[in-house]
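Please put together the full structure from these sequences, using the hints given.
Chains as they are written, first to last, in our numbering: chain F, 1 to 219; chain H, 1 to 613.
These aren't lab readings, by the way, just hints derived from the structure by calculation.
Keep in mind that the hints are not guaranteed to be accurate.
[Claimed, not checked] With a straight-line Cα cutoff of 27 Å, these simulated DSS-like cross-link-like pairs (lysine-lysine) come out:
id: 1; chain 1: F; residue 1: Lys2; chain 2: F; residue 2: Lys106
id: 2; chain 1: H; residue 1: Lys334; chain 2: F; residue 2: Lys34
id: 3; chain 1: F; residue 1: Lys182; chain 2: F; residue 2: Lys216
id: 4; chain 1: H; residue 1: Lys7; chain 2: F; residue 2: Lys195
id: 5; chain 1: F; residue 1: Lys2; chain 2: H; residue 2: Lys334
id: 6; chain 1: F; residue 1: Lys143; chain 2: H; residue 2: Lys331
id: 7; chain 1: H; residue 1: Lys230; chain 2: F; residue 2: Lys143
id: 8; chain 1: H; residue 1: Lys181; chain 2: F; residue 2: Lys34
id: 9; chain 1: H; residue 1: Lys11; chain 2: F; residue 2: Lys195
id: 10; chain 1: H; residue 1: Lys334; chain 2: H; residue 2: Lys354
id: 11; chain 1: F; residue 1: Lys10; chain 2: F; residue 2: Lys34
id: 12; chain 1: F; residue 1: Lys34; chain 2: H; residue 2: Lys325
id: 13; chain 1: H; residue 1: Lys331; chain 2: F; residue 2: Lys74
id: 14; chain 1: H; residue 1: Lys55; chain 2: F; residue 2: Lys34
id: 15; chain 1: F; residue 1: Lys10; chain 2: H; residue 2: Lys7
id: 16; chain 1: F; residue 1: Lys182; chain 2: H; residue 2: Lys11
id: 17; chain 1: H; residue 1: Lys331; chain 2: F; residue 2: Lys69
id: 18; chain 1: F; residue 1: Lys10; chain 2: H; residue 2: Lys354
id: 19; chain 1: F; residue 1: Lys74; chain 2: H; residue 2: Lys334
id: 20; chain 1: H; residue 1: Lys28; chain 2: F; residue 2: Lys10
id: 21; chain 1: H; residue 1: Lys11; chain 2: F; residue 2: Lys34
id: 22; chain 1: F; residue 1: Lys69; chain 2: F; residue 2: Lys34
id: 23; chain 1: H; residue 1: Lys427; chain 2: F; residue 2: Lys2
id: 24; chain 1: H; residue 1: Lys28; chain 2: F; residue 2: Lys69
id: 25; chain 1: H; residue 1: Lys331; chain 2: F; residue 2: Lys146
[To be verified] The following label-pair restraints were derived from C-beta to C-beta distances:
id: 26; chain 1: F; residue 1: Asp67; chain 2: H; residue 2: Leu521; range: 52 to 62 Å
id: 27; chain 1: F; residue 1: Arg46; chain 2: H; residue 2: Leu130; range: 47 to 57 Å
id: 28; chain 1: F; residue 1: Phe51; chain 2: H; residue 2: Lys331; range: 22 to 32 Å
id: 29; chain 1: H; residue 1: Ser286; chain 2: F; residue 2: Glu119; range: 52 to 62 Å
id: 30; chain 1: F; residue 1: Glu79; chain 2: H; residue 2: Glu189; range: 22 to 32 Å
id: 31; chain 1: H; residue 1: Thr77; chain 2: F; residue 2: Asp67; range: 50 to 60 Å
The model shown is predicted, which means the values in this text are computed figures rather than measured ones.
Note that the Cβ used here is the ideal one computed from N, Cα and C, for glycine as well.
The lines below spell out each chain.
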Amino acid sequence: MKTVRVWFRKTGAACYISHLDLTHCMARALHRSKIPLWYTQGFNPRAHMVFALPLPLGMAGERESVDIKIEEDKISMEEVAQRLSRALPPTLPVTAVTEPVMKPGKIAFASYELRLEPEGETADELAAAFAALLEQPEIPVEKHTKSGMAHFDLMPYLGELRWSAGEGGLLLSMVLPAGSEKNISPFLLTEAFEKQRGVSFLCRAVRNNLYDAERKIFE
Amino acid sequence: MIPGLEKILLKVQKPGRYAGGELNSIVKDKSGVDVRFAFCFPDIYEVGMSHLGMKILYSLLNRMEGVWCERVFAPWTDMEALMRERGIPLYALESGDPVADFDIIGFTLQYELSYSNVLNMLDLAGVPLLARDRQGLSQLVVAGGPCACNPEPLADFVDLFFLGEGEEVDCELVELYREHKRRGSTRAEFLRAAAQIPGVYVPSLYEVTYREDGAIDAVTPREGAPAKVKKRLMLDMDRSYFPESFVVPYIEIVHDRAVAEVFRGCIRGCRFCQAGFLYRPLREKSVGVVNDQCRSLCETTGYDEISLSSLSTSDYSALNPLLDKLLTWTKEEKTGISLPSLRVDNFSTEVMDKISSVRRSGLTFAPEAGTQRLRDVINKNVTEDELMRTVTTAFSGGWSSVKLYFMIGLPTETLDDVAGIAALGQKVVDAFYANPDKKKGRGVSVTLSASGFVPKAFTPFQWEPQDTIETLREKQRHLVSSVTTRKISCNYHDADTSFMEAVFARGDRRLGPVLLKAHELGCRFDGWNDYFSLARWREAFAACGVSPEFYANRRRPFDEVLPWDHLDYGVTKEFLRRECERAYAAVTTPNCREACSACGAACFGGGICHENR
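In structure tokens, the structure reads:
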């Protein structure tokens, strides 16, 4: 038995699948692919699957990964990639299968790119509103946690926010804390923007990469 | 994707319902397609995607050259509000094209309270609701499914109904449509021709007249339409089409598993059960065919659970051989087998061991009534001893929770029969503690679930009045107060809902205006407790001057012309009347394997009626 890391992208219609549904979808794809897997021992045997970090609903992912346990004497990593590719829909393409280097628990940061396309306003108006948002002393946001609603200021986390206004709208890129310890979704910023400034836009978001506390890329 | 759709998908719950693109969904090149079929399920995605009939007909229609069948579901209210706000019409999932552009718009009618969704979906599609307002050949609205056995409440809205099983008749209708489209026929010409296909009922070709007392006087066919329309059915189930693959949803649906059909029909003849009469005669598939179909489905979908579906799977004559055959590969592949409908009287340890060898699901049985007398009235043919033996077997096998289904409001029922439900629950609890083999350290949990009886067309109880809402509530209270232990939990269905089901199950064309009014008042998702409002329905009935009690609570004389008398499902009215009289005398009727009761279904020339007993 050997753990391998399957890398895939989440694109198009697949962005509308929640993390829980993605786990079902992946389990069925593994079953279809007939990859010899190691199953949990118990009343309800299940294939072992560990996703590095769930992706919020509606967000695309460029470097998603799931760890599975295979019977290595029966299948190679190349073959896992090939078979799983065939079993997954085109919106969930497999990019590589590697040996895991880092543990998912080490993940501390994630990088995102967001494109905000105005609905109603012009791109210039949207840019002006966004600039005004960032000039506030603080951006109060709230988030559901295990211990109830948490209220905090988002501003201190926006040190690495880069943004520009183009023809189609705003382009934002940022690195935010991510992982099991502390997780800040970029949607907190867009929701605060919508609420505080009363603007409406279509947000296309993608998570590009994951990092550990030393900003080493998650591999 | 439809313009503007992407912008709203992230604003609604479960956008996966509306995005399409699932594994095994079928996308065709429009240039090679001349008949487009929108298969509409009048409920949300998770419910509709669980329905086997839709999977069969979807694959079957898409096998036809030049035909593209797509799926359409009712958007949940949050999505509907945004679609209406932004002017997005109802669209089909595969192409994203508006339903209004389709040739044929087909609805499957599984439940009476989904009728308001049928109207709402047509409205959301921008298709005129009334059949007489639709011009030209396209936007032909068709419907089938069990509720089509009394289609009269929908007669104003639907151009034609399919009676019985759709595998052959749907394709014949599509071919006829194609021919008339090529010829440039009018809608009227096409409908006249369609009415000649056996199993197709065109309501506009029948005139209904009423008597002064409100009952139907006569139903008269026009323009060459047959006086009686007979249902269609597949006689050879082994050769009947079954899909090799299912569309596999991204999001979790109600029945998220592979489904194999082991037989159609039922030998039992429980007198309350409409399906038991509609799908006669019993026709089984052979073990090899079911096994191959299961295998193929698991391979193409990746499901790790197979449900062996039918009206009463433990009545399958080759259940043990089938399970043995399946277990030769399912064990290896960690695939579970579930039997959704087990009978109390033929549940065996052998079967139990086989289905639990991989995965174990809960146990549910349906004694349906609390006392032997009432079980005899409804011809359930299950005894208390059998139930006790079965639950004891189950408890010995490690099960500790059992769910029992009952009905309240059955014909001839008294409060003692209702109290009998609680007493039976108590006996099951006692059986658990009397059992030396029970698992240590675990208590027992018995759930008694009671639904209100709804008399249905084509059953021996089709003439019966339904208990009033007040009586049903009184019986519900009596049931709850008869339970004296916390090991038993009780739940029951809302009586208001049962009442409205009863109205539409045996309604006639005079309910058309009521449906239209209810739609205008905002009725939809009436099968969902959050949305059903009896007050709103009562308003619609009052506005149209129609009494719902006339349909739900009135005892019909045996000689009354019933709204579905011009439809023929094989079983004869004489047989149903005989069964009704036997019910009053609490006399049971043997099942189809024991003896033939001459129900009339032998007229189809196949199935169990013509097998050696």
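Now the hints, each set against the structure:
As the CA atoms of F:Lys2 and F:Lys106 are separated by approximately 20 Å, the hinted pair is consistent with the 27 Å bound. Only pairs whose Cα atoms come within 27 Å are accepted, and H:Lys334 paired with F:Lys34 is accepted, the gap being roughly 11 Å. Under the criterion of a C-alpha separation no larger than 27 Å, the hint pairing F:Lys182 with F:Lys216 is consistent with the structure, at around 17 Å. Restraint check: the Cα-Cα separation between H:Lys7 and F:Lys195 comes to about 17 Å, which is no more than 27 Å; the hinted pair holds.
A C-alpha spacing of about 20 Å is found between F:Lys2 and H:Lys334, which places the hinted pair at or below 27 Å, so the restraint holds. For a cut-off of 27 Å, the pair hint linking F:Lys143 to H:Lys331 is broken: about 45 Å separates their Cα positions. Using a Cα cut-off of 27 Å, the hinted pair H:Lys230 and F:Lys143 is violated, with the two alpha carbons roughly 61 Å apart. For a cut-off of 27 Å, the pair hint linking H:Lys181 to F:Lys34 is broken: about 46 Å separates their Cα positions.
A threshold of 27 Å between alpha carbons decides the hint, and for H:Lys11 with F:Lys195 the separation of about 14 Å falls inside it, so the pair holds. Only pairs whose Cα atoms come within 27 Å are accepted, and H:Lys334 paired with H:Lys354 is accepted, the gap being roughly 13 Å. The straight-line distance between the Cα atoms of F:Lys10 and F:Lys34 is roughly 22 Å, inside the 27 Å bound, and the hint therefore holds. Using a Cα cut-off of 27 Å, the hinted pair F:Lys34 and H:Lys325 holds, with the two alpha carbons roughly 20 Å apart.
With a CA separation close to 19 Å, the supplied pair H:Lys331 and F:Lys74 stays within the 27 Å bound. This hinted pair checks out: H:Lys55 and F:Lys34 have alpha carbons roughly 24 Å apart, not beyond 27 Å. Only pairs whose Cα atoms come within 27 Å are accepted, and F:Lys10 paired with H:Lys7 is accepted, the gap being roughly 19 Å. For the hint pairing F:Lys182 with H:Lys11, the CA-to-CA distance comes to about 26 Å; that is within 27 Å, so the pair holds.
Simply put, H:Lys331 and F:Lys69 have alpha-carbon atoms about 20 Å apart, close enough for the 27 Å limit, and the pair holds. At most 27 Å may separate the alpha-carbon atoms for a hinted pair to count; F:Lys10 and H:Lys354 exceed this at roughly 39 Å. With a CA separation close to 18 Å, the supplied pair F:Lys74 and H:Lys334 stays within the 27 Å bound. Proximity of H:Lys28 to F:Lys10 is assessed by CA-CA distance (about 24 Å); at most 27 Å being required, the pair is judged to hold.
In summary, the hint linking H:Lys11 to F:Lys34 is not supported, as the alpha carbons are separated by about 37 Å, beyond the 27 Å threshold. With a CA separation close to 13 Å, the supplied pair F:Lys69 and F:Lys34 stays within the 27 Å bound. A hinted pair counts as satisfied when its Cα atoms are at most 27 Å apart, and H:Lys427 with F:Lys2 does not qualify at roughly 52 Å. Note on H:Lys28 and F:Lys69: the hinted pairing is violated, with a Cα-Cα distance of about 38 Å set against a maximum of 27 Å.
For the given pair, H:Lys331 sits about 39 Å from F:Lys146 by alpha-carbon distance, which is inconsistent with the 27 Å threshold. Distance hint for F:Asp67 and H:Leu521: a CB-CB separation of about 54 Å, consistent with the stated range 52 to 62 Å. Hint check: F:Arg46 to H:Leu130, Cβ distance near 52 Å, so the stated range 47 to 57 Å holds. Between F:Phe51 and H:Lys331 the C-beta distance comes to about 28 Å, which sits within the given range of 22 to 32 Å.
For the pair H:Ser286 and F:Glu119, the beta carbons lie near 59 Å from each other, so the given range of 52 to 62 Å is met. A hinted range of 22 to 32 Å for the beta carbons of F:Glu79 and H:Glu189 is inconsistent with their spacing of about 60 Å. The hint said 50 to 60 Å for the Cβ distance between H:Thr77 and F:Asp67, and at roughly 39 Å that hint is violated.
Checked against the numbered hints given earlier, this structure breaks hints 6, 7, 8, 18, 21, 23, 24, 25, 30 and 31; the rest are met.
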